[in-house]
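A.B. asks: Chains as they are written, first to last, in numbering that gives the first Met the number 0: chain A, 0 to 349; chain B, 0 to 297; chain C, 0 to 164; chain D, 0 to 189; chain E, 0 to 674.
I should point out that these hints are in silico values taken from the structure, not numbers from a laboratory. Predicted, not measured: the structure shown is a model, and the values here were computed from it. Heads up, a few of these hints could be off.
[Stated by the list, open to error] If you want the ones that stay clear, here's a sample from chain C, every Cβ over 10 Å from chain E, calculated:
| hint | residue |
| --- | --- |
| 1 | R20 |
| 2 | A95 |
| 3 | E99 |
[Claimed, not checked] Below, a sample of chain E positions facing chain C; criterion: calculated Cβ distance under 10 Å:
| hint | residue |
| --- | --- |
| 4 | K107 |
| 5 | L119 |
| 6 | M519 |
| 7 | I580 |
| 8 | S583 |
| 9 | N642 |
| 10 | V657 |
Beta carbons are placed, not taken as given, at the ideal position from N, Cα and C, and that holds for glycine.
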Amino acid sequence: MSKTENMAATEAAEAKSKGKLAIYWAASCGGCEISTLGIDTKILDLAAAFDIVFCPCITDGKTRDVEKMADGEIDVCLFNGGIRTSENEYMAQLLRRKSKVLVAFGSCATEGCIPGLANLHDRKSIFDNTYQETCSTDNEAGVRPQSVTQVPEGDLHLPVFYDTLRTLDQTVKVDYYLPGCPPESDRIWEAIEAIMAGQLPPPGSVIGSNTTVCDFCNRTRSEKKIKEFKRTWEVIPDPDTCLLEQGLVCCGPATRAGCGCLCPQVNSPCIGCYGPPGDAQDFGARLMSALASVIDSNDPREIQAIIERGIPDPVGTFYRFSLAGSLLRRGKRPEAENGHGQQAATGGAS
Amino acid sequence: MKYAYYPGCSLEAGSAAYDVSVRAVAKVLGFELEELDDWNCCGATEYFSQDELVATSVIARNLAICRPDQKELIAPCAACFLNLKKTDQLMAEHSEVRSKVNEALAAGGLHYDPGQVRVRHLLDLIYTDIGEAALREKIKQPLTGLRVAPYYGCQVVRPMNGFDNTEYPMKMDELFTWLGAEVVDYPVKAHCCGGHMTQISEGAAYELIRRLLDSAVEHEADLILCMCPMCQLNLDAYQALVSSYFQKNFQMPIIFFTQLLGVALGLDFETVKIGKEIVSAGPVIKAKLGAAPSQTGA
Amino acid sequence: MSDDSFEPKIVGFLCNWCSYRAADLAGTARISHAPNVRIIRVMCSGRVDPTFVLKALSLGADGVMIAGCHPGECHYIEQNYKAMRRYYMLQHTLKAMGVEEQRVQLVWASAAEGQQLADAIDKLVADVKALGPLGWSKNWAENGDRIRALEDIVNEHKEALEVPR
Amino acid sequence: MVTDTHQDHRSDFFQEVVSDTPGGEQLAHCLQCGSCGGSCPNGSDMQYTPRTIFAMINAGRREEVLAANTMWYCVSCYFCTTRCPQQIPITDLMYALKRLAIAEGKAKDTDAPALARTFTGFVENFGRSFEFGLASRYYLLNKPLSMFKLVPMGMGLFTRGRLHLLPNRIRQMDQLRAIIKKAREIGGAS
Amino acid sequence: MAERVGVYVCHCGSNIAGKVDVADVAKFASEHIKDVVVARDYKFMCSDLGQKMVEEDIKKEGLTRVVVAACSPHLHEKTFRRACSNGGLNPYLLDMTNIREHCSWVHKDPVAATEKAKSLVSASAERVKFQQPLEPMYVDVNPTTLVVGGGIAGLQATLELADAGHKVVLVERLPSIGGHMAQFDKTFPTLDCSACILTPKMSEVGQHENVRLLTYAELEEVTGSVGNFHVKIRQKARKVDFDLCTGCGICVEKCPRKVVDTEFEAGMGMRKAIYMPFPQAVPRVPVLDTESCIWFERQRCQTCEKLCPTKAIRFDQEDEIIEVDVGNIIIATGWKPFDCTKIPQYGYGRLPNVYTGMEFERLCNAAGPTSGKIVLRDGKTVPKSVAIIHCVGSRDLNHNPYCSGICCMAALKFAHLLIEKTGAQVYSFYIDIRTNQKDYEEFYQRLLQEGVHFVRGKVSEVTDATRRPDETGKTIVQCEDTLTGRQERYPVDMVILMGALEPQFDARELGLKCGISCSMAGFYTERHPKLDPVATMTDGIFIAGVCQGPKDIPASVVQGAAAAARVAGMITKGKVMIEPIVASIREEDCSGCRICNNMCPYNAIEFDETRAVSRVITALCKGCGTCVSACPAGVIEGAHFNNSQIFAEIEGALWDAVPPAGVPGESESAGVSAS
Ligand SMILES: Cc1cc2nc3c(=O)[nH]c(=O)nc-3n(C[C@H](O)[C@H](O)[C@H](O)COP(=O)(O)OP(=O)(O)OC[C@H]3O[C@@H](n4cnc5c(N)ncnc54)[C@H](O)[C@@H]3O)c2cc1C
Ligand SMILES: Cc1cc2nc3c(=O)[nH]c(=O)nc-3n(C[C@H](O)[C@H](O)[C@H](O)COP(=O)(O)OP(=O)(O)OC[C@H]3O[C@@H](n4cnc5c(N)ncnc54)[C@H](O)[C@@H]3O)c2cc1C
Ligand code: SF4
Ligand code: SF4
Ligand code: SF4
Ligand code: SF4
Ligand code: SF4
Ligand code: SF4
Ligand code: SF4
Ligand code: SF4
């Protein structure tokens, strides 16, 4: 990862003419766009520096327009959302091809975020739940979305829904990451400024701090020993002491700083939306290791009891934002579908 | 306290005295023995000489038909105890045995996972679960003055009894010390009674029986206490034959330990079936213990 | 469901002071055991980070062994307790993700326990064999219509895409 | 620790005996210490002590071993087994020898097979056994003459109500028979 | 720049090559592992030529990393590190992978073994690329040595060092040094008087200016590491002022309380409540046993206090903790006798005339309770026939699988003493007679000449149950004479059980304190069974005598001297290398969450309150790496075992597993991909 390879960014900065910016959303909630707008009046600076050539959320652009662009014509593409469908994947590939710099923007694109938690299930069970099982659903005919529908005029296509949500970099090569759910407006602006100034770190980097939320937390902390993990509704935490020491599962120590320690400031434990710091490979593993290390017991049975009682939903606790981006990426699929697409293909999308 | 109870064939027939006295003692001591429903013969030593798998499977059926709430199975007979316990252990230690036996059991719609049932000997139950304090409380007729030779035999204490020394067991000794008897240090207490040798080589068998009787005589025991039907049969029923074989005149009463325990607990001779033995035990007990409320029967 | 030809790939993280030496002892004493465990030496079971286990599983391991000194006998006094705590935490999470708990086993073996370690290896291998392959990378593989759907889109958009690069 | 590769060098007879007994492989470790032979209550009546038998098995002397009286004099007292310093399941090996001898018709000079067959015959018909039937049938069929000697003893037992004429039959005889049938089918040592 | 890796696959004669196709492994390395520029297989890598090969390849091929696939790194890592150094490469750029103990020796199938060897080599080669040059650290060696255990082995070690001018602290648990040898009458095979050869050594130790002798004391705690151990010793309260007592023995003589001496006299004799275990005890300062003393029982007596001419009795004396700093430790804690009641068929504890070997030693010792007269427990009958039973608790899977090595000889010694002193018929029951040291077989021949009845057979039982008239009143030994194949009974007057030598009761505990391990049987594990029998896997800790394994006095002495020589070598060198495997915290990235703060058992992690970051104190860190994996931010680096190294190793180990799918670049693109 040497700096000399940083051609694209340097070129972008050197071009005195206005740059071209694309903003796209795949499987995401729209929060990232809202946060982008949160840069407030600085949006004018942005508009001065960039032409927004593609942004389905705020401008009327067509995929065809992008397809017609020359490869690498877009200087910077901020891509938010995970890859849930074939359309998402196609757009990711397309924008990759057309962009010099592709930024995975927000937690969904970087590590899957909440939509990625669906990776504990597969398409079939997601569809069953969504189109059948929820109590507000009335679907006696058992209708499911079809990827191909035959009508007299020919075949109609819907994007195919994947079994596993993937992050952007599990789909295409990504140049930079901007984590957060959503990324704080200030961080977004810092990143844009850096892009505009051409002061980018080596490709592959996360744009942000290397320390963790704790670094910005004002609570007093001491050596940690935990006898019991508590759920948030079980206690009113003391406002001045480290929440973790009070038994609350605070993800602060394992979470990249950037949010300004918002949650602990309002007496609520950090839930880890900024993902892991540095080159940590697996957010959940870091947190599991740290929390387990400070359990105050050497008795196997007691340890198990503390864990089972205090952390009833381990995946939701440790991988709330990062399941898709974690080392394992998803839960084990049911035997029938494991690794063999055929069966799933008929069962799920047809 | 409630236990599943596996009396075994001998206790149903020739050694009913054991069965009856066990049940009587249980009542006094306040534990319940619930006979295992539809149990079958444990095969003694004979099946193992013919077909190992049939032997273990036949035995395992008894373990398999225990209800889930029947976690402890009490066997008073030495052979039954050993066979049940051995099968459980073989199944636990050798996965092959486990799967083959279960394959056979499956033919009868049964299944057994080793360790599911804890096989225990009656002596263990009385010694451990009832214990000294409770026993002492219930003594009605202390056995003071009676010299008893506790005879454990082979199969209860070896090789896997799990409650007493395999070479020099002491639990019956202690039990009768609590009851006030004079327990002789019977050096052959875990030696062999000859088992079924009587039917194979009488010379060899009679010699084994002689050693046991001689030692008891030498230690001036009034009677020998058994905990196995085979031992009782060999020492008691064959005593006359052994006497004539060696030109001796043995007159050593042989009874089950539960029978004398019953006497100590105040049961009369009839209730504990003293009198069913061939060499009568009644007279010497009466003589040594003197007049006591229990001596109505016989 | 066990397939006789299935030879599980297992990664073992063994403590330098006890279990690694137990494996050495198994060697010197020629105690044969299953060849499936690829041993990685760490200074202490306390060095074993749950990340290592997840990494191994994600890269295609069918099982993982973590081995250390017996509780109370750690070369570093008490670090194996920390390994134990992390192990249970990890198991708790793996269970929720559908990974059978026999795939990841924590084993205590002192430097003297070559036989025990060999037995534990054989047990782990047998357990994993019984479970079958984990095949985690296959677990990610998308169902067959993905490629087709992508091709469909590309075909639909072919014309537009044919622009000079 | 000796690895099992050594077993390949042992006699076929050794393999035959050992494979018929759970844990029998341990016989490879016999020290020839004689603890078994010294312990056996019938040791002095045996043609060969158990230790000698094991040496003969090792040497592959099949015919002599199966014709020996040793195993028939074993009364399953387990003294040898609990004392053997190499934890060899000696008593169980004696059973294995009995099985082999019966299977080959080698057990000529002993009545033990007949006794065993009588016994198991009862179990297979009734599910339970009983001494009187056992003794009388066995003696009638095998030793009609020695029966006289035992008459006084039998009478003694009889007058005390200790000889039953028929055993009780268990209810689920079919189940037991099915289990026995299956076990025979699977066969061999468990 | 890519690394240049050299891979060397060792045959170890046929040890590895007999099972693993080493050439194939080398070929695999050169063809399939990235950055491998040299891959060779060689007969003996640890030989001079093997090492030279590595050195030369480093120079000629410009290797930047070296992998040796051979035996356990515990055996030869140092060798190959040295080879790297000699070749001009930092020694920590080597990785050794174990394809002998972990592979060729334990797998039956050559194909599977070869495949595993490939994985191990692949793992090692991937790892080695991430290794970083490290500089070893050196510390000064404290020239004082601690010896634990004052038996013959410990005494020898102490004297060797002290005579060479080095300070020694000798800790003995009992009131006097001397160990078991002090209890013996004669010693085989020469039959010289044990006391005559032992007591001079004892007093030399007692008076040596370089020896600090702490008896009636026990090791409490050991911290630190090679070169600089810090040791806490509990000096148990003697209740006698060590400095004031002159050893006159008046207190002992006048003390009215007599008790059975289960220690020195093995239960055969009596001692007082205040006592010196034996006349030649060193030091000559008595110990007051509070369990038997009348004063401690009911506040009476005080005879000793009243009569002591120097007023040395201290009823209120308490245990004391003594702290010493030493550079090396020699453990020579010996053995304990097998508990013969565990074999009830031998009747010990029940039959009066059954004795243990140690009891018999006291019985025939001229300074013993009977002044050396061999009589039965009634105190007068001289035995006319004696049975000696070998292998009691030895060579017995129910107890100890090993041969105790010395008891055959001790049994011969007893047989000789019995014949000499009583003229009794002696029967010796053995499985095998093991007399394989210098002059031992000759001793056996002598006993054959003297007419001992050697019966080959492990005794089945010892009983008082008579069968024949001639057995009445005797103790009967029943056994198969395996040479005739007959079961026999031997009625005798006395039976002696040659019990096993067992590890000290607290061997494991003490091992834990010092960080050394025990074998399955419980004897301390040596670094190498043939080539390094007195060192342990923990640097600076040595072992000598029976605590390492059963052996006789000459062998114990040899080991004591050998351990001393090893320590002397360390002292002479003056410095010792410490592995630079330590943790360090990237302080700029530490957020001060304090998770790691109580991870370290050596308190090597401190928290800087002002900067709110944690920090590792390198000198205290032992490199376990527990804090490394605890840090949620991943900012603690574990040298030589860091994440990138281990991740690479995992990846390498699984080189043949199905690769993860769906990674960009390799993705089965549908044709939209750029470039
Ligand atoms: C019956 C018998 C007869 C024998 N006769 C002979 C013979 O004739 N010739 C011969 O060569 N060998 C003989 N041996 C063998 C001999 O006893 C041993 O070789 C010898 O004792 C070994 O000496 P050692 O110093 O290793 O151990 P020991 O003699 O056991 O000395 C160990 C010392 O360490 C002390 N110690 C133990 N633990 C601690 C602790 N935690 N802290 C402080 N101190 C501790 C003990 O109190 C003891 O003083 C005989 C053995 C037996 C059983
Ligand atoms: C068949 C066999 C197999 C063995 N296997 C094993 C085994 O597996 N494990 C084991 O532990 N032990 C084994 N041994 C024993 C082992 O050989 C010895 O313990 C070992 O060799 C002793 O080493 P050493 O240095 O005392 O003597 P040696 O190996 O004999 O070395 C003595 C050296 O001194 C030289 N030398 C002799 N005289 C002079 C002189 N006057 N001037 C100069 N140099 C001289 C000789 O040339 C020789 O190089 C075995 C022995 C035999 C016979
Ligand atoms: S763990 Fe949470 S509460 Fe504690 S210091 Fe860190 S961020 Fe603050
Ligand atoms: S006792 Fe055991 S070791 Fe000794 S001869 Fe008999 S079988 Fe062999
Ligand atoms: S089990 Fe058999 S061979 Fe063994 S001692 Fe008893 S009778 Fe003899
Ligand atoms: S390096 Fe190790 S494996 Fe190679 S020859 Fe030397 S001892 Fe054997
Ligand atoms: S006070 Fe105690 S030690 Fe002193 S003389 Fe009295 S009994 Fe002996
Ligand atoms: S030295 Fe002799 S008596 Fe001692 S264990 Fe070894 S063989 Fe047995
Ligand atoms: S690596 Fe181990 S010894 Fe070093 S500081 Fe961390 S916890 Fe302490
Ligand atoms: S655990 Fe890591 S981040 Fe937390 S204080 Fe320690 S080094 Fe710093």
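A.B. asks: Which hints, by number, does the structure contradict?
C.D. replies: Going through the list in order, the structure violates hints 1 and 8 and respects the others.
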